[in-house]
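The lines below spell out each chain.
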Amino acid sequence: MIDRYRWWEYVLIYLGLGLLLVFVLAPFVEAFLVSLRPLDGLFSIPYRFVTEGMSFDAYFTMWKSVPLLWRYMLNSFFIAAAVTVLGLMAIIPASYAFSRFEFKGRNVMMGCFLAVNMVSGAVLIIPLYKVMQNLGLLNTYFAMIAPGVAFVIPTGIWLLRSYLMKIPPELEEAALVDGAGRLYTLVRVIIPVAMPGIMVVAITTFIAAYAQQFLYALTFNSVNELNPLPVGLYQFFGRQHVVWNELMAASLVGILPVLLLYVFLQKYIVAGLTAGAVKS
Amino acid sequence: MGQLNMRAVHKTYGTMEVIKGIDLDIAHGEFVVFVGPSGCGKSTLLRMIAGLEEITSGEVQIDGKRVNDLPPVKRGISMVFQSYALYPHMSVYENIAFPLRVEKMKKAELDARVRRASAILKLDERLGHKPGQLSGGQRQRVAIGRAIVREPSVFLFDEPLSNLDAALRADMRVELSKLHSELDATMIYVTHDQVEAMTMADRIVVLDGGLISQVGSPLELYHKPANLFVAGFIGNPKMNFLPVVCESSGLDGVTVRLEDGGKLRLSVAGRPGMEGQKLTLGIRPEHLTTGGGDLQLTLLPRVIERLGMQTVAYASYGKDETPFTAVLAGSAPAAVNQPLHLGIAGSDCHLFDRDGVAFERDVALTDLDPTQLLQAAS
Ligand SMILES: Nc1ncnc2c1ncn2[C@@H]1O[C@H](COP(=O)(O)OP(=O)(O)OP(=O)(O)O)[C@@H](O)[C@H]1O
Ligand SMILES: [Mg+2]
Chain A
1 MIDRYRWWEY VLIYLGLGLL LVFVLAPFVE AFLVSLRPLD GLFSIPYRFV TEGMSFDAYF
61 TMWKSVPLLW RYMLNSFFIA AAVTVLGLMA IIPASYAFSR FEFKGRNVMM GCFLAVNMVS
121 GAVLIIPLYK VMQNLGLLNT YFAMIAPGVA FVIPTGIWLL RSYLMKIPPE LEEAALVDGA
181 GRLYTLVRVI IPVAMPGIMV VAITTFIAAY AQQFLYALTF NSVNELNPLP VGLYQFFGRQ
241 HVVWNELMAA SLVGILPVLL LYVFLQKYIV AGLTAGAVKS
Chain B
1 MGQLNMRAVH KTYGTMEVIK GIDLDIAHGE FVVFVGPSGC GKSTLLRMIA GLEEITSGEV
61 QIDGKRVNDL PPVKRGISMV FQSYALYPHM SVYENIAFPL RVEKMKKAEL DARVRRASAI
121 LKLDERLGHK PGQLSGGQRQ RVAIGRAIVR EPSVFLFDEP LSNLDAALRA DMRVELSKLH
181 SELDATMIYV THDQVEAMTM ADRIVVLDGG LISQVGSPLE LYHKPANLFV AGFIGNPKMN
241 FLPVVCESSG LDGVTVRLED GGKLRLSVAG RPGMEGQKLT LGIRPEHLTT GGGDLQLTLL
301 PRVIERLGMQ TVAYASYGKD ETPFTAVLAG SAPAAVNQPL HLGIAGSDCH LFDRDGVAFE
361 RDVALTDLDP TQLLQAAS
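Same order as they appear, the protein sequences are chains A and B.
Take the first sequence: its letter number 279 is residue 279 in the working numbering, and every next letter is one higher.
Take the second sequence: its letter number 282 is residue 282 in the working numbering, and every next letter is one higher.
Since the hints were derived computationally from the structure, they do not count as laboratory data.
Nothing here was measured: the structure is a model prediction, and the numbers come from that model.
Just so it is clear, CB atoms sit at the ideal spot from N, CA and C, and this is done for glycine as well.
Accuracy of the hints is not assured; some may be wrong.
[Stated by the list, open to error] The calculated lysine-lysine pairs, modelled on BS3-like cross-linking and capped at a C-alpha distance of 30 Å, are:
id: 1; chain 1: A; residue 1: Lys104; chain 2: A; residue 2: Lys166
id: 2; chain 1: A; residue 1: Lys166; chain 2: B; residue 2: Lys74
id: 3; chain 1: A; residue 1: Lys104; chain 2: B; residue 2: Lys20
id: 4; chain 1: B; residue 1: Lys238; chain 2: B; residue 2: Lys130
id: 5; chain 1: A; residue 1: Lys166; chain 2: B; residue 2: Lys319
[To be verified] To list a few chain B residues with every Cβ distance to chain A over 10 Å, as calculated:
id: 6; residue: Ala50
id: 7; residue: Arg113
id: 8; residue: Met172
id: 9; residue: Asp193
id: 10; residue: Val312
With the hints as extra help, turn the sequences into a complete structure.
Next up, the structure:
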């Protein structure tokens, strides 16, 4: 690529990028700083970056003040992972069908999926509650996973379908000529070739599931042991005061798995994209 | 066995008829090439034979059995695609082994078959590589390997060499011809490259707008094109066409008058009642000679290409400025906008009636010099 920018254009670009980064990262920095501060240093006026007595104490004491913290973190991870796995099991075959087969109502259905995306889970939470109650599913993992799966599927299908449509149909025709059935082709040819796309869908699904579980847990679950982290964090809200530093420490530790996953999978995506070998 | 018969095969997409009734018999072991202009239905016809495209009406038989409703494997065919369609995540070995894995073949036999295919195609050192690490020619060989490993009786190729550069294409052409004789299988090959068609085919099928225009050996098509379309399509540069009027017509020859008054006797079988009719005379660019011939034409060259071995003159003829191409010797004294006098021989000419149907030429194909053919094709 030819260097097309002048130096002042670079300055502007980086300034813009910097501004965006500050905007995005500031909450994290603040959360981190708060997690280091003793409680009485929190509301100092004027604001100071460094306050006296900063330490990592909160990262140790939080496990004692909320003994089930590790459990909440595991629950969060488990629910999000379950939603992702179950979601992909529906998304992959469905988006394959939507990308390859002509059938009646295909476009209508895709339109409906888009519409479902626009309705957030919150709108449906009361009817869902009734359903769960009637089925006797309240206070189970299932109650928090199933609605999550339902809401990630439409987005996932839209995402993956556009990726699958880019895979040359000749690849499947070759497999068909070689004697492979549809399912065999899907498992042995399409899924491996579509892996980068599937990873992207998996990541977005996982993040969406991680974010949306709060609502479902709050509504459908009252068993403490089953709560995911966002609900569990409420336990840092005491009667008189909120233990802000431990709360922030727990939040940061809680998002760590997602962060790690993301970093790891991002590498995978890049590797997958460059390994493409279909002559076009 | 790999015998193929097509009976009144039709294909329509919606209301558009793409294949308009094809009858064709292909014997076991033949190398048949489909050629035709873009969009004439070559790929569609091939894919119908393969079982990738439904047959709207008519019948396709392989080894005497109707295969219209069978999936590709059950037809005993295999196919090589223009884009190779290799599985990018599998090694060369696994790519070639794929059809056998589908069959759940025993390890030992599978390995033996893959090794045999890779030996034929000289891919032994590449078995562990991924398709992405191979050159275009090697990828094409892997695709062929995947096709031969199942030992089908009919091979289908859809423009397999069109993604390769000229030198590699020439190599692969020879390799494919060798493969054909080694495997004793029927091959059906789609191309729009005339050289491929002329050099590899036992028989060429010329398609035009979903219909067979002519079927014949390369020499037959070159020397006895059945109609204007085939005459213009086979041969490069294209055959020149001139309007003429029939003077006299007999079984042993036809005499025609050109627009400048010159008369020429052609060795074609005439038909009665042709006198006075407007006909079309065809003469290939390579059959024009400087000096000699039965009749002299005066051309006005517009562009001259000197290729060393040959000189190609793009000229115009007569007052209508009919485009006219001549292939002359490398040192031919031709210059742009300098009138050029070239001779044509009546025995080299083709004659077509008003419907474009050729008059039967009186040439014996066996007496022909093969180098002429190569020249024409290159
Ligand atoms: N799926 C389809 N739906 C509608 N029309 C189609 C379809 N596939 C092919 N056609 C039409 O059928 C005709 C023949 O197509 P085909 O691909 O067989 O041409 P071809 O002879 O192989 O041309 P080329 O040399 O460009 O590959 C074309 O006019 C094309 O537009
Ligand atoms: Mg084609």
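Given the hint that lysine 104 (chain A) pairs with lysine 20 (chain B), test it: the Cα-Cα distance must not exceed 30 Å. holds, 29 Å
For alanine 50 (chain B), is the shortest CB-to-CB distance to chain A above 10 Å, so the non-interface label stands? violated, 6 Å
Pairwise hint evaluation, lysine 319 (chain B) against lysine 166 (chain A), where the allowed Cα distance is 30 Å at most: Distance ~54 Å between lysine 166 (chain A) and lysine 319 (chain B) Cα, so the pair is violated.
Going straight from one Cα to the other, do lysine 238 (chain B) and lysine 130 (chain B) come out at no more than 30 Å? Judged against 30 Å, a Cα distance of about 43 Å means the pair is violated.
Consistency of the no-contact label for arginine 113 (chain B), given chain A and a CB cut of 10 Å: Holds: least Cβ distance 13 Å, greater than 10 Å.
Can you confirm whether the C-alpha distance between lysine 166 (chain A) and lysine 74 (chain B) stays at or below 30 Å? At roughly 29 Å apart (the allowed maximum being 30 Å), lysine 74 (chain B) and lysine 166 (chain A) satisfy the hint.
Verify this label for me: aspartate 193 (chain B) is non-interface relative to chain A, using a Cβ-Cβ cutoff of 10 Å. For aspartate 193 (chain B), whose nearest Cβ neighbour in chain A is about 18 Å away, the distance exceeds 10 Å, so it holds.
Regarding the pair lysine 104 (chain A) and lysine 166 (chain A), is the alpha-carbon distance no greater than 30 Å? Holds - the C-alpha atoms of lysine 166 (chain A) and lysine 104 (chain A) are around 22 Å apart, at most 30 Å.
Classify the label on methionine 172 (chain B) as holds or violated, using whether its beta-carbon is more than 10 Å from each beta-carbon of chain A. holds, 15 Å
Regarding the assertion that valine 312 (chain B) does not contact chain A, is the least Cβ-Cβ distance greater than 10 Å? holds, 34 Å
Violation of the numbered hints given earlier is confined to hints 4, 5, 6; the remaining hints are satisfied by the structure.
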